Amino acid sequence: MPEENKVYTIFDRPKGLRFIGLLQMAFGAVGLLATIGLIVASIVGSPELPGGIGFVYAALVFVGVAIPCLIIGNFVDDLRRNAVIAQIIYSLAAMGLAGLFLFLRGLQYIWTVPLFQIELVIAIGNLSAFIVATQAFVILYLILTWDSAVPPAGAKVIRDRGEARRYEQDLVPLPFTPAVLSSDGVTELSDDESKHVLEIRKEYTVEGMAVLCSNCGGATPLTKVERNRLKCDYCGVTLGVSSVFVPCENHPEYLAATTCAVCGNHFCRKCLTAQEPPVDERWAGSTIFMCRKCFEGRYRPAVTTTSFVVPIDKLFSTAGSRFSSVGRIYGRFLGAYGSVMKHLWRVPLELLASLGKSGGGSGGDNCVGALIMIVIIIIAIPILAGILLLVGAIIIIPFLFYAGLIAVTFEAIKVIRKTDFQSIDTVRIQSIVEKKKQKQKQSKMRPVTRSWESDYERIPSEARRRQMEEHRRSEEERRKRIYEDRRPAQTFWGER
Amino acid sequence: MTTEVDVISCPVCGGKVLIESDDKVSHCGYCASPVLGPDQSRMCVNHPGILAKEVCNVCGDLLCEDCFEKRVGDYGGKLLTIVNCSKPSCVSESEWAKSLNEEYQRLANMDWADRADNIILRITGGGAVIMMIFELFFILGMLYMQYFTSLGSLFPQWTIAGITIPGLPVIALMIMGNLLGALLLQTSLQVFVHDRQFTSGLLLLFLVVIESAFLLWRGLYFNLRQLPDPTFLLVLLTAFIIGAFLILVGSLGAVYIGNKKRIQMNRAKDKLGLSG
Ligand SMILES: [Zn+2]
Ligand SMILES: [Zn+2]
Ligand SMILES: [Zn+2]
Ligand SMILES: [Zn+2]
Ligand SMILES: [Zn+2]
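If you read the protein sequences in the order shown, they are chains A and B. According to the working numbering, the stretch in the first sequence is residues 1 to 496, in order. According to the working numbering, the stretch in the second sequence is residues 1001 to 1276, in order.
A hint or two may mislead.
Restricting the straight-line Cα-Cα distance to at most 30 Å, the calculated cross-link-like pairs of lysine-lysine (DSSO-like) are [as the list claims (entries may be wrong)]:
{"hint": "1", "chain 1": "B", "residue 1": "Lys1260", "chain 2": "A", "residue 2": "Lys418"}
{"hint": "2", "chain 1": "B", "residue 1": "Lys1260", "chain 2": "A", "residue 2": "Lys414"}
{"hint": "3", "chain 1": "B", "residue 1": "Lys1087", "chain 2": "A", "residue 2": "Lys270"}
{"hint": "4", "chain 1": "B", "residue 1": "Lys1024", "chain 2": "A", "residue 2": "Lys231"}
{"hint": "5", "chain 1": "B", "residue 1": "Lys1087", "chain 2": "B", "residue 2": "Lys1070"}
{"hint": "6", "chain 1": "B", "residue 1": "Lys1087", "chain 2": "A", "residue 2": "Lys418"}
{"hint": "7", "chain 1": "B", "residue 1": "Lys1070", "chain 2": "A", "residue 2": "Lys414"}
{"hint": "8", "chain 1": "B", "residue 1": "Lys1260", "chain 2": "A", "residue 2": "Lys224"}
{"hint": "9", "chain 1": "B", "residue 1": "Lys1053", "chain 2": "A", "residue 2": "Lys231"}
{"hint": "10", "chain 1": "A", "residue 1": "Lys231", "chain 2": "B", "residue 2": "Lys1016"}
Partial chain A-side listing against chain B, Cβ under 7 Å, derived [to be verified]:
{"hint": "11", "residue": "Leu189"}
{"hint": "12", "residue": "Pro221"}
{"hint": "13", "residue": "Thr223"}
{"hint": "14", "residue": "Asn228"}
{"hint": "15", "residue": "Tyr234"}
{"hint": "16", "residue": "Val237"}
{"hint": "17", "residue": "Val241"}
{"hint": "18", "residue": "Val246"}
{"hint": "19", "residue": "Val262"}
{"hint": "20", "residue": "Gln275"}
{"hint": "21", "residue": "Gly404"}
{"hint": "22", "residue": "Thr409"}
{"hint": "23", "residue": "Ile416"}
{"hint": "24", "residue": "Thr426"}
{"hint": "25", "residue": "Val427"}
Here are the simulated distance ranges between beta carbons [as the list claims (entries may be wrong)]:
{"hint": "26", "chain 1": "A", "residue 1": "Lys414", "chain 2": "B", "residue 2": "Ile1263", "range": "31 to 39 Å"}
{"hint": "27", "chain 1": "B", "residue 1": "Leu1237", "chain 2": "A", "residue 2": "Ser148", "range": "37 to 45 Å"}
{"hint": "28", "chain 1": "B", "residue 1": "Tyr1147", "chain 2": "A", "residue 2": "Ser148", "range": "29 to 37 Å"}
{"hint": "29", "chain 1": "B", "residue 1": "Ala1172", "chain 2": "A", "residue 2": "Pro152", "range": "50 to 58 Å"}
Hints are computed from structural coordinates only; laboratory data are not their basis. What you are looking at is a predicted structure, and each value in this text was computed from that prediction instead of being measured. Cβ coordinates follow ideal geometry from the N, Cα and C atoms, glycine included.
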């Protein structure tokens, strides 16, 4: 479900995709030049291009190379499913043709093209080898990065860079500039001024409970709250005061900043981490804050039934997802490959058979030769691609497997050392010190808040419902009793 | 009266807070955390004099312990806690979320085990990481000996259908070792999950026995005792013994604590008439 709901932006595309797009456009440009060259040569009346054959060649190059390369190249790097499929098919065809050319003419084959007064020597054999290599790379790359190059069908893709940037900024939990803001809360301080604020700020106060500044991390005593606002002692930013007027669960010396979304307890900035929000329109915020316990998945709110969280759940399915997705793509490819092959084999074989039936000889050698060519082309392309993919698989799969194992080990060490929890306070200070916006990094070992669909579905029994009702009533009475002998609360900051 | 300030920063994320009303809770424009209005009282709306502890998720009223209900809302498959006040409109708007079962929550609380769980996680996890690294070095060392030194002649060969692929036993058996190491690592992290602690402790015990037997057998099968330089063997053996010992100790602890939790859960279920 999250896969379909995920919105893809142009920044999600794998880096090589842009390169492939440019490469393809370059081929298109070369094709266009070649077309023009051929037309010019034909008009001038080159002896190498007798009759109108130059125009035929020009049309072929234009339709077969320039147009498809330019069109596909333009779209393939935009996270478009059809463009990527078209690119793979085109690359396979180009690779097959060039490979066939190499097979027939060898690597040393050279064309001499007349261009005005100059003779242009094109090492067409080398060019073919280059095409085979680059197209093989293109195919392999697209298939390996399939999951990121091709968003799932129906997924929303933001291709406009400006819009994508806005979207990305809204999703990163802490979107703010990696500099301390000045007291107006808007303009950034210079590096030196930022550094100065960080140096003078203190994280503790002697004047009782404090609020941690979301700008500089400094602690300002609550006694300075005026009209539910607090001017930070160090950076001067005006902070709002959280509506939850209770101390942090772990730090009695700090006012809680907000509640943990999962357990509902109140925590300060040092105890909360930020994650992407759930995909649900009822959730208003662009971020979800969680305490360490909920982040580790040890707490889970009980509705009716057993309520223990499933953390570190799909350890290998996430960390090894790359590996398995490659395997899946190969499987998918080989499946499609097999079914296409079935048809491809049939056509030339039937042609040959019909040729045999028609008595042979009569069609002439040329006709047979052409048909054999067709057969070779049709068979050679898929076989070549298939061999290439298999070789790629033999090298790439073990490599990915071991890379995955090592990555898993590193993640496991983080989990064991408990360093995968990053509080919003540390992230903020880190981003100022390192002068870069903190990337949203989420542990691969920990799912982004847990889901408990199966348990949630279970409904309480009738007996259980009665018991709950009873319990609720006794609880109500207990509360009433407590309230009757309770005096107004003493506040820690003096009544306003 | 303080001078008007134009920008109020969110105390949680630093985003801008637009104050919509002076005596009502406003929300951060970015993270939606509630922030008090400038003239808002911090007391419960129903009980002036008692400090508020929660905010109603519908109307934004401040509430004390006696005035709120906690609910568990399913947000896109994720269970999050929300709070609502007792006004009928707010209750009906929160009805989609189920009431939090506080009694169950109390009976099933396992905070008592936190310290022990942390220690167990570190022991089993540390042992499993050592094991994993050990297996990675083992395969590298074996591959090196097989293909780059003459020591490969010590290792047995497999002949399948008349074809002998050099190093096939090394590759196959060592990859199995790596997989076993990965399985150990995964299981060793599961001991931190309350309701899996018991079973993963048992599984870990079983796995560490299998791994030890498999390792000893591999050592004998590949004639590693006949290596001219015993350093490789000694280093690996030491790492292995430390790792296996840690996992053994940790998994015994996990079984012990996990069993206690099992008993606690069963009692809680019995008490609340929850079965199955
Ligand atoms: Zn500050
Ligand atoms: Zn929590
Ligand atoms: Zn905020
Ligand atoms: Zn309400
Ligand atoms: Zn109240």
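Next on the checklist: Val262 of chain A was flagged as interface toward chain B. Is the shortest Cβ-Cβ separation under 7 Å?
Outcome noted: Cβ of Val262 of chain A sits 6 Å from chain B, so the hint holds.
Checklist entry - Are Lys1087 of chain B and Lys270 of chain A close enough, with their CA atoms no more than 30 Å apart? => result At roughly 34 Å apart (the allowed maximum being 30 Å), Lys270 of chain A and Lys1087 of chain B break the hint.
Item to check | Thr409 of chain A as chain B interface residue, shortest Cβ-Cβ below 7 Å | outcome: For Thr409 of chain A, the interface hint holds, since the closest Cβ of chain B sits about 5 Å away, which is under 7 Å.
Item to check | Per-residue hint verdict: Val237 of chain A, partner chain B, C-beta under 7 Å | outcome: 5 Å, holds
Checklist entry - Given Thr223 of chain A as an interface hint, is the shortest Cβ-Cβ distance to chain B below 7 Å? => result Cβ of Thr223 of chain A sits 14 Å from chain B, so the hint is violated.
Checklist entry - Lying within 37 to 45 Å: is that true of the beta-carbon distance Leu1237 of chain B to Ser148 of chain A? => result 43 Å, holds
Checklist entry - Does the nearest C-beta of chain B fall within a distance shorter than 7 Å of the C-beta of Asn228 of chain A? => result 4 Å, holds
Item to check | Ser148 of chain A and Tyr1147 of chain B - C-beta distance against the hinted 29 to 37 Å | outcome: 35 Å, holds
Checklist entry - Should the interface hint for Gln275 of chain A be scored as holding, given a Cβ-Cβ cut-off of 7 Å against chain B? => result Interface hint status for Gln275 of chain A: violated (10 Å vs cutoff 7 Å).
Checklist entry - Do the numbers back the hint for Ile416 of chain A, that is, is its least Cβ distance to chain B under 7 Å? => result 4 Å, holds
Item to check | Proposed interface contact between Thr426 of chain A and chain B, which counts if any beta carbon pair is under 7 Å | outcome: Since chain B brings no Cβ nearer than about 14 Å to Thr426 of chain A, farther than 7 Å, the hint is violated.
Checklist entry - Would the hint on Val241 of chain A stand, with a C-beta cut-off of 7 Å toward chain B? => result Interface hint status for Val241 of chain A: holds (5 Å vs cutoff 7 Å).
Violation of the numbered hints given earlier is confined to hints 3, 6, 7, 8, 11, 12, 13, 15, 20, 21, 24, 25 and 29; the remaining hints are satisfied by the structure.
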